[in-house]
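> Last residue of the sequence shown: number 328 in UniProt numbering, and the count goes up by one each step with no gaps.
Some clues are possibly wrong.
As the list claims (entries may be wrong) - Once the Cα atoms are required to be at most 30 Å apart in a straight line, the calculated DSS-like pairs of lysine-lysine come out as:
1. K146 - K13
2. K64 - K13
3. K146 - K64
Derived by calculation from the structure, the hints in this document are not laboratory data.
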Amino acid sequence: MELPSADFDGAWKYALDHYVAPLLELLFPEVWRTVDWRQPVIFRDTELQQLDPDVNRGKHRIDKLVQVQALDGTPRTIFMHLEVQSQRDPTFAERMFCYHAQIFVRERHPVISLAVLSDDQPGWHPRSFGYAEAGCVVRLDFPTVKLLELDLAMLEASRNPIAMVILIHRDAQATRGQPEERLRRKLARFRSFFRYGYGAADMRRLYRILDQLLRLDPSMHATVRATMRLIEQEETQMDTFVTSIEELAFAEGLEQGIEQGIEQGRHQTLQEVVLRQLARQCGSLSEQVQHQLLALSPAHLLELSETLLDFTSLDDLQAWLVRTCASV
């Protein structure tokens, strides 16, 4: 099964639209501490595009120009040029230099240039550009962070939403060509949204990024959505938060109905998708096995929907059923 390509550009553009301050706090803490976050943050992306609208403005790079106030007791404006580069580019450092110079010439305020390297090339670390001629020396050194080199344990422990974006980004890189593993990680990340205690707005944003980066074959969408609905119910124990999963249901023309109808519908949907996935994973299911599966509780069906990705034969399913029935 061929997986759709991850939308790295779209995901990071959306992330920067909402999480500039959290990104700086996590990846560039020294820069974050220089900014007075009580003052308005002004996005100047239109001006950035006008500086050089035609050169190298294709895919694989997302940038932001942000105007902030310094936190040093004096009213002082700083411009930050932040770029996310998802592919190796031999002209990258030169481009950072050119933008830095052009922003300063246009604005006449200090400029901070920052680079987030989101590519998968371990040896690529552009950090400076300059030249010297006849005693004249010009050079720009700019801070960079390589996402590939960040400590996973640190990211997993962080509650910063950008840490979760980076984890999802790393998952997308690690699961190219592996649909079952991508599905497993997508469900695990979705579950972690609840356990990390994100608010409703962050959860909706992170779900959108999750869907952009961990893209799956359309044939798997029903399984994913049904499982996510049950994960939400299991983690929250109440319907106080309407996730993007429910919004998707509205978009598809599904009606919520009364509470009992919703629960029955979710259970039936999960039964159907689990049976379909098992048939694809293990082959034809006997009538007896189907009856056993239909008798499972929603919690056991949810567990099976994640476990079945490791099954290679009907024997694996039978062994799981024996263990599950014995524990009831």
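> Confirm or reject each hint.
Against the structure, the hints come out as follows:
At most 30 Å may separate the alpha-carbon atoms for a hinted pair to count; K146 and K13 meet this at roughly 18 Å. For the hint pairing K64 with K13, the CA-to-CA distance comes to about 9 Å; that is within 30 Å, so the pair holds. For the proposed pair K146 and K64, the alpha carbon gap of about 18 Å is at most 30 Å, so the pair holds.
Hint compliance for this structure: no hint is broken.
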